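A.B. asks: Please model the entire structure based on the sequences and the hints provided.
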Amino acid sequence: MKSEQQYIELYSEAGTLIKQKSCEVMNAVRDAAFEVFKSQGFPSKKVERYKYTDVDAAFAPNYGISLNPYEIKPSKYIFRFSEAPIDITPYYNNVADKSDSISALNTALAHDGILIYVPKNDKPADPIQIDYTLRGSQDTMMNRRVLIILEQGAEATIILNDKITPQYDAIQDSSAHRGGEGQSPEGISFLTTQVIEAVCKDNSRLDIYEVEETYTLCKRFSNVYIQEGRDCSVKHNSITLFNGQSRNLCDVYMQGENSEVTLNGCVIADKNQRVDNNTLIHHQVPNCQSNELYKYVVDGQAVGAFAGKILVDKDAQKISSQETNANLCASSDARMYTQPMLEIYADDVKCAHGSTVGVMDESALFYMRQRGICEDEARTLLKNAFMGQVIDQIQLQPLRDKLYVKVEKRFRGELDKCADCRLCK
Amino acid sequence: MSESNEFVRNVAEKKYEFGFTTDIQTEIIDKGLNEDVIRIISAKKGEPEWLLQFRLDAYRYWLTQTQPTWGHVHLPEIDYQAISYYADPTAGKKNDGPKSVDDIDPELMKTFDKLGIPLEERLALSGTAVDAVMDSVSVKTTFKEKLSEKGIIFCSISEAVKEYPDLVKQYLGSVVPPKDNYFAALNSAVFSDGSFVYIPKNTRCPMELSTYFRINARNTGQFERTLIVCDEGSYVSYLEGCTAPMRDENQLHAAIVEIVIMDNAEVKYSTVQNWYPGDAEGKGGVLNLVTKRGHLRGVNSKLSWTQVETGSAITWKYPSCVLSGDNSQAEFYSVAVTNNHQEADTGTKMIHIGKNTKSTIISKGISAGKSQNSYRGLVRVNKNADGARNYSSCDSLLLGSECGAHTFPYMDIHNNTATVEHEATTSKISEDQLLYCNQRGISTEEAVGLIVNGYAKEVINKLPMEFAVEAQKLLSVSLEGTVG
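From first to last, the protein sequence lines are chains A and B. Counting in our numbering, the first sequence runs from 1 upward without gaps. Counting in our numbering, the second sequence runs from 1001 upward without gaps.
Treat each hint with caution, since some may be false.
As the list claims (entries may be wrong) - Label-pair distances were calculated between CB atoms; the ranges are:
no.	chain 1	residue 1	chain 2	residue 2	range
1	A	60	B	1060	32 to 42 Å
2	B	1442	A	258	30 to 40 Å
3	A	8	B	1166	55 to 65 Å
4	A	139	B	1458	53 to 63 Å
Said to hold, decoys possible - Only some residues are given here: those of chain A computed to face chain B with a beta carbon under 8 Å:
no.	residue
5	354
6	357
7	358
What the hints assert, rightly or not - Below, simulated SDA-like cross-link-like pairs (lysine to any residue); rule was C-alpha separation at most 25 Å, straight line:
no.	chain 1	residue 1	chain 2	residue 2
8	A	350	A	389
9	B	1355	A	365
10	A	46	B	1072
11	B	1349	A	389
12	B	1355	A	362
13	A	314	B	1281
14	B	1358	A	361
15	A	45	B	1318
16	A	120	A	25
17	B	1031	B	1064
18	A	45	B	1061
19	B	1358	A	358
20	B	1383	A	330
21	B	1428	A	352
22	B	1114	B	1383
23	B	1358	A	333
24	A	402	A	161
25	B	1349	B	1072
26	B	1268	B	1393
27	A	318	B	1436
28	B	1349	A	47
29	A	45	B	1065
30	A	51	B	1201
31	A	51	B	1419
32	A	51	A	217
33	B	1428	A	291
34	B	1114	B	1473
35	B	1201	B	1163
36	A	46	B	1071
37	B	1370	A	362
38	A	73	A	23
Worth flagging that the hints you see were computed from the coordinates, not collected in a lab. Predicted model only: the values in this text are computed from it and were never measured. No residue lacks a Cβ here, since even glycine has one placed at the ideal position from N, Cα and C.
C.D. replies: In structure tokens, the structure reads:
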């Protein structure tokens, strides 16, 4: 049996229940999305954008579906879909790629959604943070849905933490150096599908930081779709520190002139982890800029994949675009696939991409060893410096400092000894 | 501006130089493809049973496959039953194949003279031996005797099947197996003529070997097969050129080139591809769907592909290298020019298997008019390919606002000692460069020519002398009229 069958059955059984728990906006498009999924099934490896991830296998185990409502602290900017201050019908499921099977499945199964709405010219002083905490007593599937709407001139910094924390608030317990990763939910698998849609209207500024710190039995399928208006600035940072299998898609549609987008990514993977990042920057109008920087360190038997496409439409002249992907293979069993693509239909553009897979600079290692730094330490320093380039770009200072520490700990193999205590914060 | 418009008009009216047809009695078998046709082709060539079986197996496999669609080209649905798979222009003077120049039909001689390929040895460019192939048959191979003194075999593949069956049987299909892909299976079933080269041990081929392919007959396809075997410590430089007459309908060209390189041997393979590209509206033209692959079997072996692609309505090919031998080296240099409605999806595959292997890819794409030009390449480093090194650089130049340039590199790295670098840029000719030239009294048209030639120089320099001159001319002809 192909694994889509069980989801088709699930929907016919639980569809009504999901609809009851959900709201009108979501139910309106649910059946149509399910039909898309039903007709397409899961994408095979022959589908170019899913070439490096075995979707069918990831969805094959039998997961229980989580229908718990989101807990949201009352806030000026964050709402559940059912309590949205504006009509979100024009936005919901209209930014996402409706033909993508994973997005369609998410639209069909998601029972609740989070809306981040920043009104016109409003600039929240603090970053907006959403923590997803995976917990459960049995194998669970989560379908998360986020809609971000930035009105004209609005600004927002959004942090999305994906973690697997114990059932207490780590911040209140600074003394606890407890076994984090994998300890509390040992042996329990989690499957997450996530669709984030962001609409950035003219003159808005959006920074998104996605930090994933889960554990080896977590599978994550995240699709992010961002639509940009005129004079916008968007930064999307995807940081994968610890995971099982992740497949992150990020599509940016540049629909207004003079906008810019920056996509940054940092991936550290070892053991049997798999990380597949797939990005698309679609320049539909002239005079825009895009930058992309993804860095991977793959160790152990990990598999890393990166595919980034820059698509420039016929009339989108004066585009400047730069894409860089640098990777370090740290063990002989690690594998790296990279595929930076340019698809350009306009002539007055400057687009470049570079991609490297390599080993650590022997002369740099030698230099450090001459000065009494042992080899392991020297390698850690180099790996840190390598990742530093991505972390440096993070604007939010507290988060940047925290990530410096975490990345270093990750390379030293200490991260899983200390999940999320204040010392590492 | 008016001046340049006039220029554009002149160029637009300019015809494809090699678009003439030769009026010659040609024996063409009936259109269509089935097992009987394959038996006829095989019988006409007097092939042994094993080769017929090879063809039939390939054909049966081909029947189970469908035409691939993944390329960034708009390949029309090809009606394989509307093509004739065998056309023999030498049939008029059939007496066991032309033995000397006198036996060749004067019309054929004229055709090749017109193409600048004299078949009389005294007239030939010094230092180049030519195998001239028209439609399905090799017309003449020059300097055969001189080469055989050194033990070098250079003949048409049909002749090789008869005279050196062991060698052909050993290597045919060993690099590109019949089941490799759809078009390879088709070629393996119906291949007609092509060249066979064998360079014995420790021999440096004294002259450049070259094959000239010409499609002439209407409604035929060209399915040639080239097999080059370079034994230990040897060297050969091989050139390939091609043209076709202007026709309103597409003509299919599905060839296979196989190269086997042993220890310490080196092969240089250069192509100047100038098939008929179709008219300005994109009507007609050759569909160039070729499988080319070199197998670097020996240690320290070396293979260099150089290609200048200016013709064909659709070019879809990836000359590849399988680097099995330790310390083997592979190079790929390519200039692909597309104009009007041409489409190209070309690049290379470098498969690193041996230790300390090294590959270099330099690709220059130039697109003008309404054309689409894509680079697609794979660099794969296998688990045991320690110390593999690859450098790829793919630049695209856009001339005109309606064309497209695309880059699709794939890198699959399974080894932690590999160093793989890829960089690509896409841009147009900078205003600064043009202004600089204009200021110095060089017209925009000339300036573009200069800049493009400079841009492609890295690749052109790798071509043998005679070809380099031709390639440079082709570049300027293909691009004329793109500015304005």
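A.B. asks: So, for every hint listed, does it hold in this structure?
C.D. replies: Status of the hints after comparison with the structure:
{"no.": "1", "hint": "60(A) to 1060(B): 32 to 42 Å", "in the structure": "holds (36 Å)"}
{"no.": "2", "hint": "1442(B) to 258(A): 30 to 40 Å", "in the structure": "holds (35 Å)"}
{"no.": "3", "hint": "8(A) to 1166(B): 55 to 65 Å", "in the structure": "holds (59 Å)"}
{"no.": "4", "hint": "139(A) to 1458(B): 53 to 63 Å", "in the structure": "holds (56 Å)"}
{"no.": "5", "hint": "354", "in the structure": "holds (4 Å)"}
{"no.": "6", "hint": "357", "in the structure": "holds (4 Å)"}
{"no.": "7", "hint": "358", "in the structure": "holds (5 Å)"}
{"no.": "8", "hint": "350(A) to 389(A)", "in the structure": "holds (23 Å)"}
{"no.": "9", "hint": "1355(B) to 365(A)", "in the structure": "holds (23 Å)"}
{"no.": "10", "hint": "46(A) to 1072(B)", "in the structure": "holds (16 Å)"}
{"no.": "11", "hint": "1349(B) to 389(A)", "in the structure": "violated (31 Å)"}
{"no.": "12", "hint": "1355(B) to 362(A)", "in the structure": "holds (19 Å)"}
{"no.": "13", "hint": "314(A) to 1281(B)", "in the structure": "holds (19 Å)"}
{"no.": "14", "hint": "1358(B) to 361(A)", "in the structure": "holds (18 Å)"}
{"no.": "15", "hint": "45(A) to 1318(B)", "in the structure": "holds (22 Å)"}
{"no.": "16", "hint": "120(A) to 25(A)", "in the structure": "holds (23 Å)"}
{"no.": "17", "hint": "1031(B) to 1064(B)", "in the structure": "holds (21 Å)"}
{"no.": "18", "hint": "45(A) to 1061(B)", "in the structure": "holds (23 Å)"}
{"no.": "19", "hint": "1358(B) to 358(A)", "in the structure": "holds (14 Å)"}
{"no.": "20", "hint": "1383(B) to 330(A)", "in the structure": "holds (13 Å)"}
{"no.": "21", "hint": "1428(B) to 352(A)", "in the structure": "holds (12 Å)"}
{"no.": "22", "hint": "1114(B) to 1383(B)", "in the structure": "violated (52 Å)"}
{"no.": "23", "hint": "1358(B) to 333(A)", "in the structure": "holds (21 Å)"}
{"no.": "24", "hint": "402(A) to 161(A)", "in the structure": "holds (13 Å)"}
{"no.": "25", "hint": "1349(B) to 1072(B)", "in the structure": "holds (17 Å)"}
{"no.": "26", "hint": "1268(B) to 1393(B)", "in the structure": "holds (20 Å)"}
{"no.": "27", "hint": "318(A) to 1436(B)", "in the structure": "holds (21 Å)"}
{"no.": "28", "hint": "1349(B) to 47(A)", "in the structure": "holds (20 Å)"}
{"no.": "29", "hint": "45(A) to 1065(B)", "in the structure": "holds (19 Å)"}
{"no.": "30", "hint": "51(A) to 1201(B)", "in the structure": "violated (44 Å)"}
{"no.": "31", "hint": "51(A) to 1419(B)", "in the structure": "holds (23 Å)"}
{"no.": "32", "hint": "51(A) to 217(A)", "in the structure": "holds (21 Å)"}
{"no.": "33", "hint": "1428(B) to 291(A)", "in the structure": "holds (20 Å)"}
{"no.": "34", "hint": "1114(B) to 1473(B)", "in the structure": "holds (17 Å)"}
{"no.": "35", "hint": "1201(B) to 1163(B)", "in the structure": "holds (19 Å)"}
{"no.": "36", "hint": "46(A) to 1071(B)", "in the structure": "holds (13 Å)"}
{"no.": "37", "hint": "1370(B) to 362(A)", "in the structure": "violated (48 Å)"}
{"no.": "38", "hint": "73(A) to 23(A)", "in the structure": "holds (19 Å)"}
When the structure is compared with the earlier hints, violations turn up for hints 11, 22, 30, 37 and for no others.
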